Each structure stands twice: as structure tokens, then as C-alpha cells.
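**Q** What follows is each chain in one-letter form.
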Amino acid sequence: MAAVRRLVMDVLKPHDPTLLSFTERVSETESVAGATTSLIELDQEVQNVKVTLEGEDIDVSAVEDTIEGLGGTVHSVDQVACGDRLVTDRRTLQDG
Amino acid sequence: MAAVRRLVMDVLKPHDPTLLSFTERVSETESVAGATTSLIELDQEVQNVKVTLEGEDIDVSAVEDTIEGLGGTVHSVDQVACGDRLVTDRRTLQDG
Amino acid sequence: MAAVRRLVMDVLKPHDPTLLSFTERVSETESVAGATTSLIELDQEVQNVKVTLEGEDIDVSAVEDTIEGLGGTVHSVDQVACGDRLVTDRRTLQDG
Amino acid sequence: MAAVRRLVMDVLKPHDPTLLSFTERVSETESVAGATTSLIELDQEVQNVKVTLEGEDIDVSAVEDTIEGLGGTVHSVDQVACGDRLVTDRRTLQDG
Amino acid sequence: MAAVRRLVMDVLKPHDPTLLSFTERVSETESVAGATTSLIELDQEVQNVKVTLEGEDIDVSAVEDTIEGLGGTVHSVDQVACGDRLVTDRRTLQDG
Amino acid sequence: MAAVRRLVMDVLKPHDPTLLSFTERVSETESVAGATTSLIELDQEVQNVKVTLEGEDIDVSAVEDTIEGLGGTVHSVDQVACGDRLVTDRRTLQDG
Amino acid sequence: MAAVRRLVMDVLKPHDPTLLSFTERVSETESVAGATTSLIELDQEVQNVKVTLEGEDIDVSAVEDTIEGLGGTVHSVDQVACGDRLVTDRRTLQDG
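Chains as they are written, first to last, in this note's numbering: chain A, 1 to 96; chain B, 1 to 96; chain C, 1 to 96; chain D, 1 to 96; chain E, 1 to 96; chain F, 1 to 96; chain G, 1 to 96.
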């Protein structure tokens, strides 16, 4: 199977655990070399966060298990990079 | 024949397989060194994704077979780079 | 536990201590390698500041203690980076 | 004669050959080190594409022959770089 | 005490001394490695300038003394960087 | 005399010679290391082009002779860089 | 005295001498390592130009003498960098 090198997800999570604990736990998932979370929006019930993960071969279902174990939901997967080479998405004339 | 070094496509795909499986499968196609997919838009039936591929000499019809085998359709080819040198598309005064 | 490598917070603080003293004190917190604060907005009572911290393994509760000891309140945690690799949040087609 | 180092053209081409075949053929033209094509717009009859070529001394009339042999028309030449040094067009205060 | 590595201030100053003399004098303050001033706005009475200072450990009260000795007023401190590492303020999804 | 290192001009030229021949000829002018031309606008009679030249010591009147010999007119000189060091024009708070 | 390392000025000058001669003469001023001028605007009487100078220790009054000797007027000094280190003006959240 091709190695998953980078993953960007849009996640909904409850306020508890905090964004800090959530990020620590996600980054501790086996196969994740680093995780960065950025707050998109928050309301009384949930936080909407952008999660960016990198690794040599990310075990995505383990990551999803971690997120769900923390009460979170993957709202959408926004970017996936696979293969031997980490390819950068470049802006083209067709991007909005 | 000139080597195809980079390819950017606009693809429509069903929700199943997921963007993750889709990207893994595309990146496993012989001749592809790496693949990155970015979600453009989704509705109830389909996902519209931008696919960026790099390789030393991409076998584009093999890639198209993979995409079609996964239920996807290439909506448009938005950028193609061929040759010994990978040429970057630079912004000019005529770009919109 | 995963190492916290970078932290961006939105903080409300009184005018006293000054932004300078506040930043010195936050950066002196054990585990913080450097701190940069940027003024977002100020009114008669409070300053709203963006705080960016980096370190090999930031002790976030010690940082929060420092901020609260200076009369400040963490209004929101806007970005957290954890893990062996410091992952950069990259713009995708889904960012607003 | 001065060496042509980079050329950017706005080209109209029929749908057949595809953008892929078109780019392969243009990049195979003697003197072309690499070619990148980007889709600007398409309608039922034609594709409007931006073609960027680089080489040590591009034989522009050979390139034009290739394009015309493929049914394409050079709508405008948008940028030309000649000489020993490849000079970058930099934005000035007079650019729109 | 933590070292102050960079400081950005919004300063109001009279027309005399000139921006040149003002900048020379500020940059001559003990502990300042370099100073750059940029004109924001001017009216008949005052100049509003952005002052950026760097040093290994800036003595901010000495800088303030210099500015006040030149008839200037620090209108606001807009950015402070302290610590062993000079941390860059990066744009997040929460920046306006 | 100080060496002219870079020159940006706004030029009006007839359609004949083509932008390609025009650029080749300008770049062949003694003292010019490289020339890049970018199309700004065209109407039935003339092409309006931005010409960027670099060299160790550009002979500007020779360049103007070349341009005029090709039927062109220098509409304005938009940027000139002279001296031992090639200084970059940086954006300031006063740029529009 | 602190060394002046970079200077950006907004200058009004007559059409004669040309921008080319003007820049050559300014860059020949003792202490100037390089000068770049950019056209901001022109009307029938005058040219409004942005002048950027760099040097190890620019003699600003000699530069002003050169400019005035050429019929020019310094309309405003927009940026001054002094000191051992050339400090870059970085964008902050308070910039307009």
C-alpha cells in the first residue's frame, strides 16, 4: 500500500478535551510524526478545527479511532498526500 | 516520447471509495512518484477533487484507468508539464 | 506524552503589566524557548494580544499559570503543534 | 542571434489532440528543454491554454510549426526572455 | 530576565528632529543592533512612525528615554519578541 | 559614470517586428546581458510591452537606438537601478 | 554616529534630467553603494519617484545635495534603516 505522508482534515470536537489535550493525543497516535491543529470556529457546543498530520506512513484508521475516542467527528478530509514523494498542491489558473 | 513530469486534473468521484483510499490507489499506479488530492467541493452524490501527480515519466493512461476503475471521471486536465526540465508556470501580466 | 512545540493563543490582559513585561515574564516560564506577542486591539480596560510560543516541550499549564498570575485570561487557543516533527499548517482549497 | 530562454504563449487548440498529447508533442520539439501547459478556458470547440517553454535556445518557428501541425493557433506571445542571462520580470509600481 | 530580541512600536514624533536623525539616535542607544523606521502618516504637527528594533537584549527603557528625549511619544507597543529563540508571528485562521 | 544594472521600460511598438524578433534584437544590443518583454496590451496598431533589461553596465542610449530602429517608442522609464550593488525596491507603508 | 544602511525617499523631480541620468548621479554620490528609482506618477511638470538607496554608511546630506543640484525636492523620507544590523520592517497586525 502507498504511504500516506500528509493528511488535512476538518474535525468537529466537543470543548472537552481541550484543543491542547486533543492535539497531544492525536500526535501520540502510532505512525504520526507531528500534528498541528488550528481553530476555525467555535460555538457553545463544539469546536471546528483543522487538523494537519505528517508522517512516513500515517495509519489513518488509527488516527480516526483516536479522534472518535476523544468525542470528535471527521467532518471532511480536505487533503491527502501519498507516495514516495511528498507532492505539493500548486495553485493553477483553474483554482477559484 | 517526452516524459510527463507533473499533471494536475479536476476529477469527479463517488463518495466511495473515500478520498484516502482513492489517493492511495492513484499513487500506487506504476510510474507515479507521489499524488496529492485536495477537496474542491462535495455534494450528496459526488466529490470534486483536484489531483496533482508527479513522477519521472507518468503513464497517464494507466492513471486514468485507475481513476475510472474507482468510479471517477476526469472532468478536465488543468496542467501538464513535460520534458527534461520541469518548467514552472509563472504569473504574467496577461493572467486574469 | 507528546511534546508541545508551538502554541498560539488569543489572550486578554490588563494594561498593567505592560506588553513588554508580560512578554518577558511569559518567555521566562520554564520550557519556553521564545515568546512573541502582537497587539490585536486595545480599549480602556484591556489589551487583546496574540501570543506565539515555541519550545522543545512547552509546559502549557505553567504558561497558563504565568498568564493568570499577570492578570491575563486565555480567550482561545488558536493553534497547537505537537510531536517529533513541527508540522506547518498549509493553506488548502477549503480555507475561507 | 540572441538565445531565446523562455517563452509564454496564449494558444487556441482543438479538443483533439488532448492537452496531454499536445504538451508531449510541443516538449519534443528540438531545442525545447521543458513545456508546461495550463488550461485557461474551454468551450465546445476549442481549448484556450497558456504554454510556457524553457530551453537553452528555443527554436520558436519550429515550436510554431509543431503547434500548427496539431491544429493550434498562437493567439498571442505574452512573454519572451532572451540573452545570456534569464531575466525575471519583476513587479513595479506601474504594473496595473 | 528574558532577553528582548525584537520590538515594534508606533511612535508620534515632532517634525524636528527629522526621521533620519531620530532613527540614528534611536539606533545608537546602547543594546540596539539595528533600527528601521517607516513613515505611517504625517500632518502639520507630528509624524506617526513605525519603529522596528532588533538586538541581543534590548534595553527598552533606555530606548524609551531616547525617544522621549527627542520629543517623541510611544503611542503603542505592537510586537515584542523575548527569549533564547526569536519566534516569528505566523498568520493563523483566526487573524482578521 | 555609475553602472546601470537594471532598467524597466514601458514601450510602444508596431506589430512588425514580432515581440520575439524585437526581444532578440534588444537583447543583442552591446552591454545587455538579458532582456525579458511582457505584453501589457495590444490594439490594431501597436503593442504596449514592458521591457526589463539587466547587464553589468547597460548602454541605455544604444538600447534606445535599437528600440527606435525597430519602430518602437519608449513611453516611460519605470525603474532604474545603478551602482555597485543591485538594490531591490521594497514595498513600504507609503506604497499605494 | 550610527551608520545609515538603507533609505527610501519620495522625490519630486523635473523631467530634465531624465530618470536615468538622475539615478546615475544619485548612485555616484560618495557613500552610496546602489540606488534604485521607481516611477510613481508623472504629470506635465514633474515626475514623482521613489528612491531606494543602500550603503555601508550613507551620507544623507550629500545625497540631498545631489538631488537638489538636479532640481529635485525630497517630498518625504519614507523609511530609514540604521545600525550594525540591517533590520527588515515586518508586517504586524497593526499595519493597515
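These are calculated hints, taken from the structure and not from any lab test. There's no promise every hint is true.
Taking CB as the label site, the calculated pair distances span [what the hints assert, rightly or not]: (1) D59/D x G71/F: 23 to 29 Å; (2) E68/G x S76/D: 41 to 47 Å; (3) G71/F x G69/B: 55 to 61 Å; (4) E28/G x L42/E: 41 to 47 Å; (5) R91/A x G96/D: 26 to 32 Å.
A partial selection of chain A residues facing chain C, derived with a Cβ cut-off under 8 Å [what the hints assert, rightly or not]: (6) L12; (7) T23; (8) S27; (9) E28; (10) E30; (11) T52.
Non-contacting residues of chain F with respect to chain G, defined by C-beta distances greater than 12 Å in every case (computed) [as the list claims (entries may be wrong)]: (12) L7; (13) E24; (14) T73.
Quick caveat, the model's predicted, so the values are computed rather than measured. By construction, the Cβ of each residue, glycine as well, lies at the ideal position given by its N, Cα and C atoms.
**Q** For every hint, state whether the structure bears it out.
**A** Here is what the structure says about each hint:
no. : hint                      : in the structure
1   : D59/D x G71/F: 23 to 29 Å : holds, 25 Å
2   : E68/G x S76/D: 41 to 47 Å : holds, 46 Å
3   : G71/F x G69/B: 55 to 61 Å : holds, 58 Å
4   : E28/G x L42/E: 41 to 47 Å : violated, 30 Å
5   : R91/A x G96/D: 26 to 32 Å : violated, 20 Å
6   : L12                       : violated, 14 Å
7   : T23                       : holds, 4 Å
8   : S27                       : holds, 4 Å
9   : E28                       : holds, 5 Å
10  : E30                       : violated, 12 Å
11  : T52                       : holds, 5 Å
12  : L7                        : violated, 8 Å
13  : E24                       : holds, 23 Å
14  : T73                       : holds, 15 Å
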